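Listed in order, the protein sequences are those of chains A and B.
The numbering of the first sequence is full-length UniProt numbering, which starts it at 1 and goes up by one.
The numbering of the second sequence is full-length UniProt numbering, which starts it at 1 and goes up by one.
Hint data in this document are derived by calculation from the structure and do not stem from the laboratory.
Any given hint might turn out to be false.
[Stated by the list, open to error] Listed next, the in silico DSS-like pairs over lysine-lysine satisfying Cα-Cα at most 27 Å (straight line):
#, chain 1, residue 1, chain 2, residue 2
1, A, Lys110, A, Lys177
2, A, Lys177, A, Lys5
3, B, Lys106, A, Lys73
4, A, Lys104, B, Lys192
5, A, Lys5, A, Lys73
6, A, Lys260, A, Lys247
7, A, Lys73, A, Lys110
8, A, Lys260, A, Lys348
9, B, Lys106, B, Lys16
10, A, Lys348, A, Lys247
11, B, Lys192, A, Lys110
12, A, Lys107, B, Lys192
13, A, Lys329, A, Lys352
14, A, Lys177, A, Lys73
15, B, Lys192, A, Lys73
The structure presented is a predicted model; accordingly, all values stated were derived computationally and were not measured.
The lines below spell out each chain.
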Amino acid sequence: MATIKLDRLVKRYGQATVVHGIDLSIQDGEFVVLVGPSGCGKSTTLRMIAGLEEISGGEIRIDGRVVNDLQPKDRNIAMVFQNYAIYPHMTVADNIAFGLYRSKLSKSEKRQRVEQVAGTLGLSQLLDRRPSALSGGQRQRVAIGRAMVRDPAAFLFDEPLSNLDAQLRTQMRIEIKRLHHRLGTTSVFVTHDQVEAMTMADRIVVMRDGRILQVGTPLELYERPVDIFTARFIGSPTMNLLPASLKEGRADLSGGSSVKIPSLSSSSSEILIGVRPQDLALGLSTGMPGFSISGTVVVVEPLGSETLVHIESSDQTVIGSAPGRQIPKIGEPMTLHAPAERLYYFDKVTEKALAAQ
Amino acid sequence: MRADAPSQALPMSRIKPGRIVAWTLLFIGGVIMVTPLLFMLSTSLKDASQVYDLRVIPEAPTLDNYIEILSDGRFTRWFVNSTIIAIIVTLSNVFFDSLVGYTLAKFRFRGRYIVFIAILSTLMIPTEMLVLPWYLMASQFGWVDSYWGIMFPGMMTAFGTFLMKQFFEGVPDDFLEAARIDGLNEFTIWWKIAMPLVTPALSALAIFTFLGNWTAFFWPLIVTTSAELYTLPVGLSSFAVEQSIQWEKIMTGASIATLPTLVVFLFLQRYIVRGVMLAGLKG
Numbered sequence: 001m002a003t004i005k006l007d008r009l010v011k012r013y014g015q016a017t018v019v020h021g022i023d024l025s026i027q028d029g030e031f032v033v034l035v036g037p038s039g040c041g042k043s044t045t046l047r048m049i050a051g052l053e054e055i056s057g058g059e060i061r062i063d064g065r066v067v068n069d070l071q072p073k074d075r076n077i078a079m080v081f082q083n084y085a086i087y088p089h090m091t092v093a094d095n096i097a098f099g100l101y102r103s104k105l106s107k108s109e110k111r112q113r114v115e116q117v118a119g120t121l122g123l124s125q126l127l128d129r130r131p132s133a134l135s136g137g138q139r140q141r142v143a144i145g146r147a148m149v150r151d152p153a154a155f156l157f158d159e160p161l162s163n164l165d166a167q168l169r170t171q172m173r174i175e176i177k178r179l180h181h182r183l184g185t186t187s188v189f190v191t192h193d194q195v196e197a198m199t200m201a202d203r204i205v206v207m208r209d210g211r212i213l214q215v216g217t218p219l220e221l222y223e224r225p226v227d228i229f230t231a232r233f234i235g236s237p238t239m240n241l242l243p244a245s246l247k248e249g250r251a252d253l254s255g256g257s258s259v260k261i262p263s264l265s266s267s268s269s270e271i272l273i274g275v276r277p278q279d280l281a282l283g284l285s286t287g288m289p290g291f292s293i294s295g296t297v298v299v300v301e302p303l304g305s306e307t308l309v310h311i312e313s314s315d316q317t318v319i320g321s322a323p324g325r326q327i328p329k330i331g332e333p334m335t336l337h338a339p340a341e342r343l344y345y346f347d348k349v350t351e352k353a354l355a356a357q
Numbered sequence: 001m002r003a004d005a006p007s008q009a010l011p012m013s014r015i016k017p018g019r020i021v022a023w024t025l026l027f028i029g030g031v032i033m034v035t036p037l038l039f040m041l042s043t044s045l046k047d048a049s050q051v052y053d054l055r056v057i058p059e060a061p062t063l064d065n066y067i068e069i070l071s072d073g074r075f076t077r078w079f080v081n082s083t084i085i086a087i088i089v090t091l092s093n094v095f096f097d098s099l100v101g102y103t104l105a106k107f108r109f110r111g112r113y114i115v116f117i118a119i120l121s122t123l124m125i126p127t128e129m130l131v132l133p134w135y136l137m138a139s140q141f142g143w144v145d146s147y148w149g150i151m152f153p154g155m156m157t158a159f160g161t162f163l164m165k166q167f168f169e170g171v172p173d174d175f176l177e178a179a180r181i182d183g184l185n186e187f188t189i190w191w192k193i194a195m196p197l198v199t200p201a202l203s204a205l206a207i208f209t210f211l212g213n214w215t216a217f218f219w220p221l222i223v224t225t226s227a228e229l230y231t232l233p234v235g236l237s238s239f240a241v242e243q244s245i246q247w248e249k250i251m252t253g254a255s256i257a258t259l260p261t262l263v264v265f266l267f268l269q270r271y272i273v274r275g276v277m278l279a280g281l282k283g
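Full structure from sequences and hints, please.
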């Protein structure tokens, strides 16, 4: 169990800076997910914590101790890789036991630990098998087992689920979460999948271009994104953004409609109104206070529990939702409504969220 | 029911013309390769008077040549010499070529590229040009007419280093990093993780090196002077110079000499299987 603290952490490759002095404090036992698009610096940050990449500037502390110059093996962390990286020439038992390579336990104690971990991960029957005889999910469990067996201060996960198919991914997500709940070990998990981030994290760290944009619980990020990038990255389908001009307490949308809005701390009059598809619903009667948009249905995505409706309104497509059993026809005219309190406002130039004053 | 049940014999109509061409070429290649071997074996079973009778199956086959050769102490000595030299040089190549190949493939250090080019450039110098400097070196260090003198030029080769470097480049870094986190030092990572992952390449290198040294003639001939240090090919060639050319003896010796190469190949070929490495990665 450990805390991890990043202080003005910088990574440079030659002239290119890929991590720009980030600060992050991870509490003991916390499950933190670093999320962002490819090349945002999340994996590099994780690898710096692991000691697999040299640090160009700043400081990393694990449990209060500066680890900048420590070898990976001396940091008491365990890592699970995207490609599993379990050794094909060893059996499952040997692979898991490899995590205890430096441990001073006796052979029988090691064996006991391996069996215990294998039991936890449902690998007991597979201990004598080679990785080639395992499925993708089983291989990933072996990789997790090798990390677990050492009882490390922290787990580092580098996109461990991205090679699994959708069903297995969901299953492994739940397993890792349950495991974390049981072990309570500090975990840092890197992913580019916002669903993984939302479902697994105690706190999410959104990164872009080597900088941290926002840190918060999944709900905080969903409800109060600091900018357009986070707003669109978190939540599926992505948030609708509609250009509007501010005028005397109202925002005029490009399609001619208008909505009453609170006074905003904006310096310019051009804003973007954000509304999540789940909040933009079909079926509320017109005349209700809030936001409404009319258009023609162009795409319908029935998901069972709800139906996503894409409507085209004055040259832009907006996604809304309808109850699961209601499937509108393509070409049908439709009006979608959202309550005023479910709207988000962003500065069009700075792309930052605007607070109501 | 198994989906991959063995298929029935192909009907003639389904045999593609490409196959026929391939089989024909393989057959011709086979004949070209096997004929000299057959003649070698056949000659070894003939007595001196029948040597120039070109029938493949001897009129009166005899094992006298084998008995004579095997009871000749010199032959046994040469056989042992060749075995010792080929084994030591093979082990040395497997160890050093892969160690250097791994370092060049997996570590980033200043001058890495220059070192690699320097090693590679030695591949372009023919052995004939190297023999003189080797000999001068051997004579200065007092290695002429010794085991070490025969072995030292081949203890590490540019070809082996290049081959192993290419293979190690295919080993995903994740394996090595996982081991680094698990607490292995760099040498142990190479030995315990990287080496088992390139077994096919190691086997190929071992076979090439063993065969190359087992059949080496030119350098051992130059660097040895006493008959006790001759390797098999050098020793066998001495049958041709002493009085007259004793073809039946040479062919008997050569037939016996092919056995170890067969054993080495049969033993190592099962390690030359592809795809061993990928089994531990995403499936």
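Consistency of the hints with the structure:
| no. | hint | in the structure |
| --- | --- | --- |
| 1 | Lys110(A) to Lys177(A) | holds, 26 Å |
| 2 | Lys177(A) to Lys5(A) | holds, 22 Å |
| 3 | Lys106(B) to Lys73(A) | holds, 19 Å |
| 4 | Lys104(A) to Lys192(B) | holds, 19 Å |
| 5 | Lys5(A) to Lys73(A) | holds, 18 Å |
| 6 | Lys260(A) to Lys247(A) | holds, 10 Å |
| 7 | Lys73(A) to Lys110(A) | holds, 18 Å |
| 8 | Lys260(A) to Lys348(A) | holds, 18 Å |
| 9 | Lys106(B) to Lys16(B) | violated, 45 Å |
| 10 | Lys348(A) to Lys247(A) | holds, 15 Å |
| 11 | Lys192(B) to Lys110(A) | holds, 19 Å |
| 12 | Lys107(A) to Lys192(B) | holds, 19 Å |
| 13 | Lys329(A) to Lys352(A) | violated, 37 Å |
| 14 | Lys177(A) to Lys73(A) | holds, 25 Å |
| 15 | Lys192(B) to Lys73(A) | holds, 17 Å |
The structure is inconsistent with the numbered hints 9, 13, although it conforms to all the rest.
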